[in-house]
Amino acid sequence: MSEVLEYKGLFWDGLEQTILLTILGIGLALVIAFSVGLMGISRHRVLRSPAYVFVEFFRGTSIIVQLFWAYYALPFMGIKLDSFAAAVLVLGLNEGAYAAEIVRSAIKSLPRGQTEGAIALGMRPTLRLRRILIPQAVPAMLPSFGNVFVDLLKATPLVSFIAVQDLTFNALGVRTETQETTVIFVGLLVAYFVLGLVLALITWLLEKRFALDRRPHPLLRPLVSGGPGVTR
Amino acid sequence: MRWDADYAADIFPKLLDGLWLTIQVSLLGMALALLLGLVIAVVRYAKIPLLSQVLTGYVLFVRGTPLLIQAFTIYYVLPEYGITLSLFTSGVLILGVNYSAYTAEVYRAGIEAVPRGQWEASTALNLPAWRTWTRIVLPQGIATIIPVLGNYQIQMFKDSAILYGIGMTELLGTARELGVAGRSLEPLTIAGILYLVISYPAAILTRRLERRYAPTH
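Protein sequences appear in the order of chains A and B.
When we follow the numbering used here, the leftmost residue of the first sequence carries the number 1, and every step to the right adds one.
When we follow the numbering used here, the leftmost residue of the second sequence carries the number 1001, and every step to the right adds one.
A portion of the hints provided could be inaccurate.
What the hints assert, rightly or not - Chain B residues, not near chain A, derived (Cβ > 10 Å throughout): (1) Ala1031; (2) Gln1053; (3) Leu1127.
Claimed, not checked - One-sided and incomplete, this derived list gives chain A residues near chain B with beta-carbon spacing under 8 Å: (4) Gly60; (5) Tyr72; (6) Phe76; (7) Lys154; (8) Val186.
Source of the hints: derived by calculation from the structure; they are not laboratory data.
Cβ coordinates follow ideal geometry from the N, Cα and C atoms, glycine included.
Turn these sequences into a full structure, and let the hints guide you.
Here you go:
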């Protein structure tokens, strides 16, 4: 046990990489989710079809296969990514495909009257999305996004296969040195579990922030509301 | 892009062998997950003190940790305590244990969807607990969740690729081995297509089941 602690620095470095990967992966996944998800609700087949193919392709094969393909097969086609870039790209694209379906179904499940009302008010499609549809759909998306974020975190250990020095990669190295198998693997399980809890907590805070019946914090209320017709 | 068709044709039979192993391990893994998940769900529903809480913690922890680390733990830690399993058995156990936490939640949803009246009628008819579960509650509860379980089977089929991490030469493992020995492009591409060729039609089928088993009330 104490032997393992000698490698503290290595664990912290790995943890840092894992957290960085998760954050960048989530960022890319969100960009993909909204662009592909919105393409999926388009009236135009030229936009809808590629979105469908993208989602089915990334959901049809597993993330580890995609990771290997991006790292080991792509170079044969002249595209050489370094391992960290390949990791972020695959994590983002794969989880983005799942998140795109969440965006699509959340917007589609809004009552038709919302779209009709916005049209009646003369709103153009982009304004309709930005001011009416997306703000109402976000609260419905968040809980599912939370699951996707945790899934993404749980997929990050796979990047150790393409030599990204994340928490798992470094822990495996320490195991080779110390042979402390039980401590290291149980420790890893606990570490990822705690990271997942933190992500779940963040999602929960976001859910509260974006809730449709959000009220200002009691201490801030005098600052935010107060004008005529503002109180609900 | 230089696609070597001769090489691709050469390695194809080996990849099919890998695919067969992937199919075997994921079918058996799912069978184990269905069994374990059912036991967990019933025990949790029955609210047996302590045991129920322990299983709730189990579901939470297994769902909250990465499959790959669970695989390492089962494959490398168990032997330290004198439990040595073959690679294939470990693979089935890893997938089965991981997915049991998910199937337990699915079963729970199915069981909770059975109307209270069914329980009350069973009590009124003086049915013993065992028969209430096996003849009344489970048949109705499970019918509604078949599509969800189907989705998990597809997901397990794809997830089984992580067993490459403990050295199993299933589909991905075979592709990787061929890649290390020669070129990576063909084996990995064919492997990806094989995963897709099975999982995409299966997903369409499950979606159809979903429509068929959708509650009519």
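Each hint, compared with the structure:
no. : hint    : result
1   : Ala1031 : holds (20 Å)
2   : Gln1053 : holds (17 Å)
3   : Leu1127 : holds (38 Å)
4   : Gly60   : holds (4 Å)
5   : Tyr72   : holds (4 Å)
6   : Phe76   : holds (4 Å)
7   : Lys154  : holds (4 Å)
8   : Val186  : holds (7 Å)
Consistency with the previously given hints is maintained throughout, with no hint failing.
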